[in-house]
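Here is how the chains run, residue by residue.
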Amino acid sequence: MSLSTVFEGVDLPGILAGGSFVLVLILIVILAIFLHILHPILARRYDHLLFKKPWFSQAELTLYTAWPLNLIRSIQYMYLFTFPDYLKKRRFKNLDIEIPVSKTTLIISRIYMSLHILLVLIGIVFFVSGAYIYFFVTPYAE
Amino acid sequence: MQRAFLFFYPPYTGYKHEKSEILVESLGGVGGGILFSVATVLLMTTPVGWVAALVIGAGSVAAGYAGSSIAKNTYNTYFKNTNLTKLTGVNRICH
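As you go down the protein sequences, you meet chains A and B in turn.
What the first sequence shows, in the working numbering, is residues 1 to 142, in sequence order.
What the second sequence shows, in the working numbering, is residues 143 to 237, in sequence order.
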């Protein structure tokens with residue numbers, strides 16, 4: 001059974017909802033693998049510089065030490081490397097120390113963050129089109 | 143054996159259809175919950191306290207429920223004739 005037969009006779013909301021659902025699942029798996037490979041490297045390099053009191057609250061310092069919440073820590077670092085101007089106004093205020101970021105780390109964090117934002121956008125498409133089908137499309141006749 | 147099978151799972155709904163429904167529902171629930179947390183990470187640009195953490199936890203549960211019902215409804219509306227357990231190969235593991 002090929003993909004074309006699955007989507008045969010399906011109108012636009014169905015294609016959007018079904019396609020975004022499949023894409024969301026694929027992207028979640030890719031991002032999870034990506035993050036689990038990157039997390040130990042980023043933690044070893046930047047924890048002693050960035051994982052501290054003024055930038056993370058005491059609750060966060062406790063919560064983000066164990067899986068799965070420790071992945072949020074790595075995402076915040078990559079968020080900082082990708083959007084330094086924005087994050088230095090918000091979470092990492094008064095970040096006066098020089099953070100050593102290599103070119104490879106920068107490129108990898110940019111790739112990660114673009115996939116992350118893409119996942120959020122596709123997720124919005126899934127929820128909006130799915131809710132449209134849920135409330136406005138008449139269900140199949142039994 | 144075949145008769146007993148048909149007795150417990152009437153031919154209309156179909157055992158296969160129900161299996162696909164359960165698969166889609168659980169994947170939608172997991173996907174919805176993860177999507178909510180992935181979106182909130184982008185918004186967590188200021189330090190988060192305990193109250194906000196509890197709100198995020200409750201929200202991800204709600205998003206998981208919404209995701210599962212939306213996915214199930216989409217499957218039932220458009221892809222009812224597709225046997226997803228066969229397509230994904232799950233039926234080789236779970237009979």
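Hints listed in this document are in silico derivations from the structure and should not be mistaken for laboratory results.
Treat the hints loosely; a few may be bogus.
[Unchecked claim] Partner residues aside, some chain A positions facing chain B, computed with beta carbon under 7 Å: (1) L16; (2) G19; (3) A66; (4) L69; (5) I108; (6) V120.
[To be verified] So the derived label-pair ranges between C-beta atoms look like this: (7) N218(B) <-> T104(A): 24 to 32 Å; (8) S4(A) <-> T188(B): 44 to 52 Å; (9) N218(B) <-> H36(A): 33 to 41 Å; (10) E160(B) <-> A59(A): 40 to 48 Å; (11) E160(B) <-> L61(A): 42 to 50 Å; (12) D96(A) <-> V232(B): 20 to 28 Å.
Heads up, the beta-carbon is just placed ideally off N, CA and C, and yes, glycines get one too.
Hint by hint, here is what the structure shows:
With its C-beta approaching chain B no nearer than about 10 Å, L16(A) sits outside the 7 Å limit, and its interface hint is violated. Contact between G19(A) and chain B, as hinted, is not supported at the beta carbon level, the nearest pair being about 11 Å apart and thus beyond 7 Å. With its C-beta approaching chain B no nearer than about 14 Å, A66(A) sits outside the 7 Å limit, and its interface hint is violated. The interface hint given for L69(A) is broken, as the beta carbon of that residue sits about 9 Å from the closest beta carbon of chain B, more than 7 Å.
Taken as an interface hint, I108(A) does not check out: its beta carbon lies about 17 Å from the nearest beta carbon of chain B, beyond 7 Å. Because the closest C-beta pair between V120(A) and chain B is about 5 Å apart, less than 7 Å, the hint holds. Remark: the range hint 24 to 32 Å for N218(B) to T104(A) is contradicted by a beta-carbon distance near 47 Å. Checked against the hint of 44 to 52 Å, the C-beta distance between S4(A) and T188(B) comes to roughly 47 Å, which is consistent with it.
For the hinted restraint 33 to 41 Å between N218(B) and H36(A), the CB-CB distance of approximately 34 Å keeps it satisfied. In this structure the supplied range 40 to 48 Å holds for E160(B) paired with A59(A), their Cβ-Cβ distance being about 43 Å. At roughly 46 Å, the beta carbons of E160(B) and L61(A) sit within the given window of 42 to 50 Å. About 53 Å separates the C-beta atoms of D96(A) and V232(B), a value inconsistent with the hinted range of 20 to 28 Å.
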